[in-house]
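Novice: Each chain, letter by letter, is given below.
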Amino acid sequence: MSQIENVSLDEIKHLVSNRAIEGETMLLNMGPQHPSTHGVLRLLLELDGETIVNAIPDIGFLHTGIEKNMEAKTFQKAEVMTDRMDYLNTVGNNFSYCLAVEKLVGLDVPERAQYLRVILAELQRLASHMVWLGTSALDLAAMSNYMYTFREREIILGILEMVSGQRMMTTYIRPGGVWRDVPAEFEGAVRDLLKILPKRIDEYETLLTKNPLFIDRTAGIGKVSPEDAMSWGLSGASLRGSGVNYDLRKFAPYSSYDHFEFDVPLQTDGDVRARYLVRMAEMRQSIRIIYQALDKLPSGPIRSNNHKFVPPLRSEIGTSMEALIHHFKLWTEGFTAPKGSVYVGVESPRGELGCFLESDGGTKPYRVHFRTPSFDNLQVLPVLAKGSLVADVVAIIGSVDIVLGDIDR
Amino acid sequence: MGLEQKLGEMGVVTAKLEDLVNWSRSSAMWPMLFGLACCAIEMMAAQAANYDMSRFGMELMRPSPRQSDLMIVAGRVSRKMAPVVRRLYDQMPDPKWVIAMGDCASCGGVFNNYAVVQGVDEIVPVDVYVAGCPPRPEALIHGVITLHEKVKREKMKDWA
Amino acid sequence: MSDSLDSVIAHIAEKFSATISEFAGEKTLLIAPEKVLDLAKYLKTAIGFEFLSALTAVDYWPAESPRFHLFYRFTSISRQFTLNVRIPISGIKPVVSSIEPFYYNAGWHEREVFDMFGIKFDGNKDLRRILMPHDWEGYPLRKDYPLGYEEPQFTFNYDEIAVRKPFAKSRPEE
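Chains as they are written, first to last, in our numbering: chain A, 110 to 518; chain B, 53 to 212; chain C, 567 to 740.
Chain A extracted, bound-state conformation (with noise of 0.2 Å):
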């Protein structure tokens, strides 16, 4: 076992201030154990009294070896590591892979599997916004939003489990389509859940939008401007916070986003309170894209029929010696891929998650990486926290919506 980090000043100096040196302004460490870093996140902090000079984030305590891991196994079987990347996002790290799988092997997905999954991530989206709004307001001490937000994403959580059987890592998605078709009573779940969720929004939005206190310990903290946002590689709500229209579902609209007409929330001001504004609104517009792909939901194949890559359903193995020896080929060697390497983003509920992929022509990935938003959100932290107080450090990394599993993988 190695030690703990003992990082002399020496190593840090160029990071902080003369004045640190001189012992004018205090260092202090925040976590990796604290309760207001979501996480494992270590902060060191440079403090002029109470006032921020210097914030230096340190990650890689959660680092998992999921990129190596990945090449290590079959295109089929990586998939259920890429579930434990962003751990509120599952549905979302599935989405990005499969359709890199897909579009480096070129196949198509059928309509049905593509509607299943946009719900599937809209739902997952607000599952994650939930857990952001609990979480993050429980930094600033209102502890019944958490009790609140809790208890509707238990609902979208069982109705993940009763399409995949598992309530968060799901590997419902799967490279060609879906794993198997909803059960019967997805769609009165999902409509039953659809009719509470905006009068709970609501109910959030009366707790906080309007509240002094929230206002105070929002409005113009953390300031970032467009162009700076755009620089550092702010994306997902973080960006449009400060006005950037750039939503990867209407930018580079993937699996039939643009048959459903929704909005992309903006605000202007790219303070705390703008972002938890744009969050608030997005989910609203996911209740809207919901109902829109339940209602036209189409009827049909749930996988591709092309059994090179794709398994055959478990129904067809007992009749058809084909579909049984393709079953048998790809669950023990394998499809091999085309070489060549392909990039796709998805929007996740945090930005831009995109998906690298290359293959050398064989039956694994040769190398997988994530972009994943959270890393470069987190990025902007110093930038965003210089010259404020300790107390809305807590705040800002509430608000650019970090998960430290998506940032270390």
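It is possible that part of the hints are untrue.
In silico lysine-lysine, DSS-like type, Cα no more than 30 Å apart, as pairs [as the list claims (entries may be wrong)]:
# : chain 1 : residue 1 : chain 2 : residue 2
1 : A       : K473      : C       : K709
2 : A       : K473      : A       : K448
3 : A       : K448      : C       : K686
Worth flagging that the hints you see were computed from the coordinates, not collected in a lab.
Let chain A serve as the given structure and place chains B and C on it in line with the hints.
Specialist: This is chains B and C only, laid out in the frame that chain A set:
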């Protein structure tokens, strides 16, 4: 009520010291507020409205290791995090217990590679292992109840 | 300058003497490593690629020259363009200049590539290990670095694994 009848007129209850101490230890077990990865989200769900761990008196999470006597290792422990987990454990006052929540904390789970500690029992002694990836909130509650029962069976001569 | 992505790519390829390859409907430019800083400056200021989407590397070990490819993905939000760029890098003393002056978020991405592949970036302000502990040896995502697989514990290798778990309390009943 029951207790007053047992007290009788003397106002005295006789019990083994061992039982009394174990009863008090298991009934006020404060877990440390310390989440690592996916399992931490389920740990939060276990505290929230639907599962409500406080029904069993195990909801009072303390952010400081000095005030807690149960560490729930909720998630995978990386090689970089391992010394930190050990230091947190060392900072907790005795008596202390550890629950390894989830497959990653128990045995490394699906991550059999250079970066992840293959089971948190490489660095701290574990009392209860909870299986699942991630375990459902009910499974975590069951794990804590199992630990309570284990504590109630502890013998004074083993305390040292 | 014309407005279509293809003409922009052809223009950049000509200016930086790059080769264009196409796969799965997307074009990728292969550019010499010494031109990367000029390219970044040109993309950001002249063409309007405001956003660096991704930066990563691929290891082609045991090939030595070039051993690595750096992969950049630039996005122009205003013009709805995306551009893939690849840069070959030799395995002996892998160094390339940093594009941090133009794309600030390249800073951490380059640190990650340095941490995982050992490619150095000239001009990066803070080139330290980012994900692994600071005293870690080796570069994990290189192909010659082992995965670090540990055998599952069975009865025949029980003691071998148990040595690594000094705090495991109970042993199975014999």
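Novice: Verify the proposed pairing of A/K473 with C/K709, using a straight-line Cα cut of 30 Å.
Specialist: Distance of about 14 Å is within 30 Å: holds.
Novice: For the pair we were handed, A/K448 and C/K686, check the Cα-Cα distance against 30 Å.
Specialist: Holds. A/K448 to C/K686 sits at ~28 Å (cutoff 30 Å).
Novice: Has the given pair, A/K473 with A/K448, been kept, meaning a C-alpha gap of at most 30 Å?
Specialist: This hinted pair holds, its Cα atoms lying about 11 Å apart.
Violated hints: none; the structure is consistent with every hint.
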